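Asks: One-letter residues, chain by chain:
4 protein chains.
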Amino acid sequence: MIIVVKPNSTDEQLRHIVDTIESMGLKADLSKGLHRTVIGVIGEEDAVRNAPLGAIPGVEEVLPILKPYKLASREYQKEDSVFDIGFGVKVGGGNLAMIAGPCAIEGEEILFEIGKAVKAAGANILRGGAYKPRTSPYAFQGLGEDGLRILRKVGDALGMPVVTEVMDTRQVEIVNKYTDMFQIGARNMQNFNLLSEVGQTRKPVLLKRGMSAGPTDLLMSAEYVLAQGNKRVILCERGIKSFDSSTRNLLDLALVPNIKGLSHLPIIVDPSHATGRPDLIPPMALAAVAGGADGIHIEVHSCPEKALSDGPQALLPHQYEAVMGQIRKLAALFNKTIPEAKG
Amino acid sequence: MIIVVKPNSTDEQLRHIVDTIESMGLKADLSKGLHRTVIGVIGEEDAVRNAPLGAIPGVEEVLPILKPYKLASREYQKEDSVFDIGFGVKVGGGNLAMIAGPCAIEGEEILFEIGKAVKAAGANILRGGAYKPRTSPYAFQGLGEDGLRILRKVGDALGMPVVTEVMDTRQVEIVNKYTDMFQIGARNMQNFNLLSEVGQTRKPVLLKRGMSAGPTDLLMSAEYVLAQGNKRVILCERGIKSFDSSTRNLLDLALVPNIKGLSHLPIIVDPSHATGRPDLIPPMALAAVAGGADGIHIEVHSCPEKALSDGPQALLPHQYEAVMGQIRKLAALFNKTIPEAKG
Amino acid sequence: MIIVVKPNSTDEQLRHIVDTIESMGLKADLSKGLHRTVIGVIGEEDAVRNAPLGAIPGVEEVLPILKPYKLASREYQKEDSVFDIGFGVKVGGGNLAMIAGPCAIEGEEILFEIGKAVKAAGANILRGGAYKPRTSPYAFQGLGEDGLRILRKVGDALGMPVVTEVMDTRQVEIVNKYTDMFQIGARNMQNFNLLSEVGQTRKPVLLKRGMSAGPTDLLMSAEYVLAQGNKRVILCERGIKSFDSSTRNLLDLALVPNIKGLSHLPIIVDPSHATGRPDLIPPMALAAVAGGADGIHIEVHSCPEKALSDGPQALLPHQYEAVMGQIRKLAALFNKTIPEAKG
Amino acid sequence: MIIVVKPNSTDEQLRHIVDTIESMGLKADLSKGLHRTVIGVIGEEDAVRNAPLGAIPGVEEVLPILKPYKLASREYQKEDSVFDIGFGVKVGGGNLAMIAGPCAIEGEEILFEIGKAVKAAGANILRGGAYKPRTSPYAFQGLGEDGLRILRKVGDALGMPVVTEVMDTRQVEIVNKYTDMFQIGARNMQNFNLLSEVGQTRKPVLLKRGMSAGPTDLLMSAEYVLAQGNKRVILCERGIKSFDSSTRNLLDLALVPNIKGLSHLPIIVDPSHATGRPDLIPPMALAAVAGGADGIHIEVHSCPEKALSDGPQALLPHQYEAVMGQIRKLAALFNKTIPEAKG
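Protein chains in written order, with numbering that gives the first Met the number 0: chain A, 0 to 342; chain B, 0 to 342; chain C, 0 to 342; chain D, 0 to 342.
Derived from the structure by calculation, the hints contain no laboratory data.
Watch out, some of these pointers could steer you wrong.
[Said to hold, decoys possible] Think about it this way: if two alpha-carbon atoms lie no more than 30 Å apart in a straight line, the pair counts; the simulated BS3-like pairs of lysine-lysine are: (1) A:K305 x A:K152; (2) A:K328 x C:K89; (3) D:K69 x A:K5; (4) B:K77 x B:K176; (5) C:K26 x D:K26; (6) D:K31 x A:K5; (7) B:K5 x B:K26; (8) D:K66 x A:K26; (9) A:K66 x D:K31; (10) A:K305 x B:K202; (11) B:K31 x D:K115; (12) B:K66 x B:K26; (13) B:K335 x B:K305; (14) A:K31 x D:K66; (15) A:K31 x D:K69; (16) C:K230 x C:K89; (17) B:K5 x C:K26; (18) C:K335 x B:K31; (19) B:K305 x B:K89; (20) A:K115 x A:K335; (21) D:K77 x A:K5; (22) A:K26 x D:K26; (23) D:K69 x D:K305; (24) D:K335 x B:K328; (25) C:K335 x A:K328; (26) A:K89 x A:K305; (27) A:K305 x B:K31.
Quantities reported herein were computed from a predicted structural model and do not represent experimental measurements.
Required output: the full structure, derived from the provided sequences and hints.
Replies: In structure tokens:
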């Protein structure tokens, strides 16, 4: 960290700053410029990061020079993380995760119908929500364990790994029983207890970016999972809050190469939640692949106008098939692989 | 809801829209303008709200005319909610909740020292965190149950009700045992399971606004608590995310009168988290009272440079005393009462 | 427009609303639902749009159903606009504008060197600023007319059309003399007098999106140019303000297909200003082409560390050549053409 | 400035960075920490600020420690700026500017009626737009010079200084002829040519904050005026863009004390444009005064539903009178003066 000292500080104030830093077991490296005195604070990373330097009287600003995450960083691991989700599906290092399925699990027959269609189109991971984070307490909240059972059954029948959202630390055990990958939703990105809890399992975690989280916030949340020993974290950009209400959220595609510079973890893109509009999902899915994403997450429903949740943003199966056709060509152009899920 | 139909829609498309609406048990009221056809959708509120109207082909836009919350609304209850927190402290209807204390509970002695100072200055609710939502897994995470025990002991010794954050559904029972009011932090504003869980207790809930939540989102989260039968919810504005990094968050003070128009629930303001800067906290506390807030939440520490969490934004006890002196004059001017906590 | 009436409005209030609407020469179509009364306002588009309906007592909300722009809309012109910039370069309808060059014109030799390199790499429009909108009055403000002369000379020598920013209505005449296309910068997107002034010329206009402008705001600004009779407007996404300071701005790539649904005007993407980071420019340029953009705007400098403006975000010529190689492959995949500029 | 060097940089890269800095006529102060090497860049302020340090290969980040504005800063002038607007009205240092009037000048009679009412209520500066920055080219654009003539006449008749917006460098001369103070609107906050032009007059300038401008951006724009020798700049907070569409903009009241720490210039608040809602304007006007604002800007119209511009956000004269009554009490409490305008 670097401390910028307020102009016109007295020698006594300077001495107090240096003393306080040293009392924290850190070293203070003072340097007087023409207009400002700055103090470099040197010591063990964590001690430096957690010291309340900004509270010392006379300090104008604290400029961080250390990243606050470790295990998630490119400095910690240079090579891209590559790992298995199950059913022969690898993610990272040029392998694209193509996640598709309905917003909510509504029944076995409809899930099988949708799952069969998306698998035929090239999807390699099946999604479906059993616990739904609905903004209204009066809206459909998901089928719970019945939904999990259906998801597992359909995934096995189709030979696809399955992913589903977990919303509560108390659900981790049961969701773990039925799923191949946990999803942490955007609204829970900073539910730190939930992050620690899935970190203690040995299932991969799909961690969605919060609506007002920057790249550092996202990597800090990944760090919570990694710090528990679970190394298989997939990050997911799904749009942030913005002033523009013509789309549901605002897709921040530059996050993909931005994160790839900072971290070895794979990062995929969800244009369904990011835009909320079927007309924008295909072009943004293509843009994401061209921009370097490690996969795409798309909601598909065979009858959106009867969907119990998020119908208006779902692609129809034939629309998904069309965009997957183009994605395959792009993948070939960029030497990426779309692993096939095998039963 | 009102549906705007795409221009140049065929009669067949129009008929499909109307049929779909009627198949949902709703009425469709069609009206052709010069440039657009619009359809009013009429029926039971919840059925209308949850119908996936936007997914019907030919629909250009769905304009909501119903608020999605009920129990939290001014239409449901005209008069301001007024209720007890304990120790003789009422909130709402002209009674101001003055919440103060350190960010984290660090020990009994220091908490007593700070609590005594803020009570002397006029605070009527003591705060302190035992479970801390830290963005880093390596930072101080709070004293847990030991902290809760200290908080209860100091609250009782000083004759003040206490409030502390609960972060996990599994903590609700133990926090309920020690505290007078639950705090739901900004990062958990849409942790719907946690909201339902504290809704099932009979303790008041201090619900902090999420960093990217609008007034409707905040009231929907309150609705989750109210729907469980717990009527004592205090809302709290604590700043939103913005492009300006010169303050920690961006204080949205207009939320106070905005919410007061929409809801009967009391709403207080936390200038500590909203600004993150001791120089901005006093003027914003005064502005909040003048703008109609039902209380102020301020972090106070007797030695910020040694605080284990958020030291740089804490007021010193004498600074808190000074701002409370001015708040008392403002309260008198606006005929507001600051109830005294009584042991 | 649709007016939502406040609940519990009296018949007298309703009558006043209807009377006021009719006194504006408009028709009021009243419809009572279970919970709300709504009134459709019908009449000539402009009269409806400009009526201060929200100011009538008893009105809760005004829901717009008409787009506020006309000439810029897809409804006004179904087919994509395609037009010439000069030197054989067409834009729109599958023709990609590849604009490149330094931020500021610094001298003839250096501009020629950069221009030659970008043309060799496939750029078809040369850019360079003679009037620079610098946030500091003490920073380099551009070479003015000397710069314009250099730009024209280099453009002619290389056989490329040139584009440069105009910041002031008083500069329109002189910039018109030297350039093939006006650029309106993001900070001037709502400088309505400047928009009208370039609208009165017969040169194409590159209109950059303002940092807090939504799609409607952008199209309204285009409408100012179109309304003066100048039909050749190219829109440009260059990033919006966001809470994330790790990039200069936040690239909103979904704006491309979003605008294409609303308007016939071509829209290009500027990843240089959007990200401000050389490492993010190539992947976002590729993403933009895959997402349907009609062109790419990239700043290139042969010696960024000596650039007089925005050096840190410039690509080196060889980096530009590399990304252009990939763009050509993408263009072929999507059946797009990159017209060659011919002297 | 402080340069953070990329980890694992070679000695050669370090040497190149230092050489480049020295070739700019600056001094490089190198300091190696445990994890990062940092280099302090020392020299003449402007030279340091404008050096493209971020473009030097091997540089990870550039941390600014100097503010980019000078004349506007508290360091340059410690005491609050206090100056005259005319007609005996002082602003700054405890003197409150109470600006009121209609959005647009619509005619002499109506302006006189409104002006008389607001003066009676305590307003000391009359506002009214003759040139209106309308987002639509088809909306009422203002009366132009006829409007200016009316404004001057009514101001003189009532004995009040007048302020009106100038949108174009070509209008500065004529607006200067009729007005006592220029207003630069939010959309022109970074119209640098316009800022320089009003800087060359000797009339005070009311500079409104842009919708996505931070405190530094605002002060840099003020610096453009000050640098031309015009010392009388009043800043004005009028709301920023946010994700919340329930208010027109988002009032950032903490900007008031924030700016007061950074600058000696007076800063007032415009709750009319900030909220766009008559129900929120009075509480936010009170909050602004309690928070330390040097004045309040409110739009008032005697018949909002017939206003030619922004009717829905105007207060009625009796509503303005009511809020002014409360403001007077607050002003007394905080020892502020509301100067009376004298003919």
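Asks: Each hint needs a verdict: does it hold in this structure or not?
Replies: Against the structure, the hints come out as follows:
Restraint check for K305 of chain A and K152 of chain A: satisfied, since their Cα atoms lie roughly 23 Å apart, inside the 30 Å limit. A threshold of 30 Å between alpha carbons decides the hint, and for K328 of chain A with K89 of chain C the separation of about 27 Å falls inside it, so the pair holds. Between K69 of chain D and K5 of chain A the alpha-carbon distance is near 16 Å, which keeps this suggested pair within the 30 Å criterion. Taken as a hint, the K77 of chain B and K176 of chain B pair is broken in the structure, with Cα atoms around 33 Å apart against an allowance of 30 Å.
A hinted pair counts as satisfied when its Cα atoms are at most 30 Å apart, and K26 of chain C with K26 of chain D does not qualify at roughly 73 Å. The suggested pairing of K31 of chain D with K5 of chain A holds, with an alpha-carbon distance near 24 Å, which does not exceed 30 Å. Note on K5 of chain B and K26 of chain B: the hinted pairing holds, with a Cα-Cα distance of about 20 Å set against a maximum of 30 Å. For the suggested pair K66 of chain D and K26 of chain A, the alpha carbons sit about 27 Å apart, so the restraint of at most 30 Å is met.
Proximity of K66 of chain A to K31 of chain D is assessed by CA-CA distance (about 17 Å); at most 30 Å being required, the pair is judged to hold. For the hint linking K305 of chain A to K202 of chain B, the alpha-carbon distance of about 40 Å lies beyond 30 Å, and the restraint is violated. Distance restraint check for K31 of chain B and K115 of chain D: the Cα-Cα separation of roughly 46 Å exceeds the 30 Å cut-off, and the hinted pair is therefore not satisfied. Between K66 of chain B and K26 of chain B the alpha-carbon distance is near 19 Å, which keeps this suggested pair within the 30 Å criterion.
A threshold of 30 Å between alpha carbons decides the hint, and for K335 of chain B with K305 of chain B the separation of about 36 Å lies outside it, so the pair is violated. Taking the CA atoms of K31 of chain A and K66 of chain D, the gap is about 17 Å. The hint holds against a cut of 30 Å. The suggested pairing of K31 of chain A with K69 of chain D holds, with an alpha-carbon distance near 20 Å, which does not exceed 30 Å. Between the alpha carbons of K230 of chain C and K89 of chain C the distance comes to roughly 14 Å, so the proposed pair stays at or under 30 Å and holds.
Distance check on the hinted pair: K5 of chain B and K26 of chain C sit about 22 Å apart at the alpha-carbon level, within 30 Å; holds. As the CA atoms of K335 of chain C and K31 of chain B are separated by approximately 41 Å, the hinted pair breaks the 30 Å bound. With a C-alpha separation of about 34 Å, the suggested pair K305 of chain B and K89 of chain B falls outside the 30 Å cut-off, and the hint is violated. Between K115 of chain A and K335 of chain A the CA atoms are separated by roughly 24 Å; this keeps the pair inside 30 Å, and the hint holds.
Only pairs whose Cα atoms come within 30 Å are accepted, and K77 of chain D paired with K5 of chain A is accepted, the gap being roughly 15 Å. Of the supplied pair hints, the one linking K26 of chain A and K26 of chain D holds, its CA atoms being roughly 24 Å apart against a limit of 30 Å. Distance restraint check for K69 of chain D and K305 of chain D: the Cα-Cα separation of roughly 46 Å exceeds the 30 Å cut-off, and the hinted pair is therefore not satisfied. Between K335 of chain D and K328 of chain B the CA atoms are separated by roughly 15 Å; this keeps the pair inside 30 Å, and the hint holds.
For the hint pairing K335 of chain C with K328 of chain A, the CA-to-CA distance comes to about 15 Å; that is within 30 Å, so the pair holds. Taking the CA atoms of K89 of chain A and K305 of chain A, the gap is about 34 Å. The hint is violated against a cut of 30 Å. At roughly 26 Å between alpha-carbon atoms, K305 of chain A and K31 of chain B fall within 30 Å of each other, so this suggested pair holds.
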